[in-house]
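> Please construct the entire structure, taking both the sequences and the accompanying hints into account.
Here are the chains, one letter per residue:
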Amino acid sequence: MATMLDQTMAQKRRTLGAAVLANQTFWVLLAVVLACVFLSFATDSFATSKNLYNITRNTTFVAIIALGMTLVIITGGIDLSVGSVLCLCSMILAVVMHAGYSIEVGIAASVATALLIGAFNGVLIAYLGFPPFVVTLGMLSIARSLAMVASNNTVVFQFGPDHDKLLALGGGAWLFGIANPVIYMIVLALLTGFVLRWTRLGRYIYAIGGNEHAATATGIPVRPIKVGVYMISALSAGVAGIVQTGWLGAVTTNIGAGMELQVIAATVIGGANLAGGTGTALGALVGAALIEVIRNSLGLLGINAFWQGTFIGGATILAVLFDRIRNFRQSE
Amino acid sequence: MATLEITNISKHFGAIQAVSDVSLSLEAGQVVGLMGDNGAGKSTLVKMIAGNYRPSQGTIRLNGSEIVLHRPIEARQHGIEIVHQDLALCNNLSAAANVFLGRELRRGFGPLRVLDYKAMYRRAGEIFRELRSETRPRDLVRQMSGGQRQAVAIARTMISEAKIVLMDEPTAAISVRQVAEVLHLIRGLRDRGIAVVLISHRMPDVFDVADRVVVMRRGRKVADKPISQTSPEEVTGLITGAIERG
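First to last, the sequence lines map onto chains E and U.
Residues 1 to 332 (my numbering) make up the first sequence, in order.
Residues 1 to 246 (my numbering) make up the second sequence, in order.
Think of the hints as simulated: they come from the structure by calculation, not from any bench.
Just to be clear, a hint being listed does not mean it is correct.
Unchecked claim - Facing chain U, from chain E, some residues (calculated, C-beta under 8 Å):
| no. | residue |
| --- | --- |
| 1 | 198 |
| 2 | 199 |
| 3 | 200 |
| 4 | 203 |
| 5 | 207 |
| 6 | 209 |
| 7 | 210 |
| 8 | 211 |
| 9 | 213 |
| 10 | 214 |
| 11 | 217 |
| 12 | 219 |
| 13 | 220 |
| 14 | 277 |
| 15 | 278 |
Glycine included, every Cβ here is placed at the ideal spot set by N, Cα and C.
If you want it as structure tokens, here you go:
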């Protein structure tokens, strides 16, 4: 028995290296690091503290939503409404504060809006069997339209008595000069990672994506959990909206337009599979970071901004290529 | 006293009568082979015992007291475990994660309880050793053979104190060597005093491992007799209807 155990242990050590090499997140992280090293040497402007501050902060908005999106995608779903939900939540916050309410009331209203939208999406998907694509596509349209209704399609840039508090919340750097949004992103990522790895809820989210029928058969509360992940996804969009409002200092009805595609790209680049069952919090961050580094570097290298979409799209497809190659090898 | 006593149970889906007026008792440490053609009502009967369906009529008694099952989880709480034909496994999770799915071991206090990976790997490893299966707890189910997957599904029934294990065609989709393994496993369950119901199309398996054979045809029980008092020929006749009643 002891020898058997030793053999197993030895095998485990051997396969640990292989597991890292087979991990998409690892390769993407490597790409991010290599790109950063290259850019530090190739340009004078990349490795400056101001630019790094900008990159880390710009990454956060996509990354925070990608965390929520990761949960949805692990269950085998999709949430196309996040960009519009970000806009609506920002606008609710802005309108409520503009009307003279405190920042607490504004944030509460914004968060409540997000949770309500998530619950609506989730109930239609989990209990009434609507396809996630259709429900959240509808919500993409509804939420942005409601943002226009709420603001009468104007730009809001005065946030009442707590104006400065809101700007400090999103634009400040309270801890060691790290931009506040980055702190929020790290905290939320740690929380998401913890839930996925160490709690029953996380385990069940993976189980639902792996085999929903099996999850139901073993007594997992599949429907409430599915509603929950759509609520978390909307909430992550709401939080990103609140933080972004504080950073920008103004809200228009076109913020977050097309953001859902960036978020999904980040999630997929980070190793989540749209078929469900795989994905990690770290992957979401790494995916979001790669997208931002690509965007930033194109600017610094003097490449026309029109090329951005090509590079980001190419990176998305390339990241999934690793997964396909692995599958081909396995099926042989 | 019988472990499980089913009395005059029936189930209809709209106008379709899937099971009519079946009575059946299961004894501890006994393997009952449940046979019948497709659509004879075997699966429906078993799903009523497992809490998937509620009977239209009739009662189920466990150790003498009547139980009403609304959900599979309630059946499991009563010690009734089922191994589904499709095994109901999550390919993206490890063997141990599948074994403990829905019943994860945790450590810590109150709301701060986290999954206890170590304990689950250890316990799953023990069960696989007991089953003499080569399945490793950390391996993903995606990478496993049919026999190993079967071992994972059966290991699920062994983490709790099961009184009754219902098996739906456990030997249908695996190799000959693995069939012998699964039958060995069934004997292991029996020796622990568990009542086993084995749904199978495979005559040799039932005659190899079962103590009793129950035959169903068109929703009715047409035979219920000790293996020693029947033959594969007779059972075949009962299944097809060539023999009216055993």
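> Each hint: holds or not?
Now for the hints, and whether the structure bears them out:
Nearest Cβ of chain U to the Cβ of residue 198 of chain E: about 4 Å, under the 8 Å cut. The hint holds. Among the interface hints, the one on residue 199 of chain E holds; its C-beta lies about 7 Å from the nearest C-beta in chain U, closer than the 8 Å criterion. Checking residue 200 of chain E against chain U by beta carbon gives a least distance of about 5 Å; that is within 8 Å, so the hint holds. Below 8 Å, beta-carbon pairs count as interface contacts, and residue 203 of chain E has one with chain U at about 6 Å; its hint therefore holds.
Among the interface hints, the one on residue 207 of chain E holds; its C-beta lies about 5 Å from the nearest C-beta in chain U, closer than the 8 Å criterion. The beta carbon of residue 209 of chain E comes within 7 Å of a beta carbon in chain U, closer than 8 Å, and the hint placing it at the interface holds. The closest approach between the C-beta of residue 210 of chain E and any C-beta of chain U is roughly 3 Å, which is under the 8 Å cut-off, so the hint is satisfied. Restraint check, residue 211 of chain E versus chain U: the minimum CB separation of about 5 Å is within 8 Å; hint holds.
Interface restraint check for residue 213 of chain E: the shortest CB-CB distance to chain U comes to about 7 Å, inside 8 Å, so the restraint holds. Interface hint status for residue 214 of chain E: upheld, as the beta-carbon distance to the closest one in chain U is roughly 4 Å, under 8 Å. With a least beta-carbon distance of about 4 Å to chain U, the hint placing residue 217 of chain E at the interface is held under the 8 Å criterion. Among the interface hints, the one on residue 219 of chain E holds; its C-beta lies about 4 Å from the nearest C-beta in chain U, closer than the 8 Å criterion.
Hint status for residue 220 of chain E: holds, given a least beta-carbon distance of 5 Å to chain U, under 8 Å. Because the beta carbon of residue 277 of chain E sits about 4 Å from the nearest beta carbon in chain U, less than 8 Å, this interface hint is met. Satisfaction of the interface hint for residue 278 of chain E is found here, the shortest Cβ-Cβ separation to chain U being roughly 6 Å, below the 8 Å cut-off.
In terms of the numbered hints stated before, the structure departs from none.
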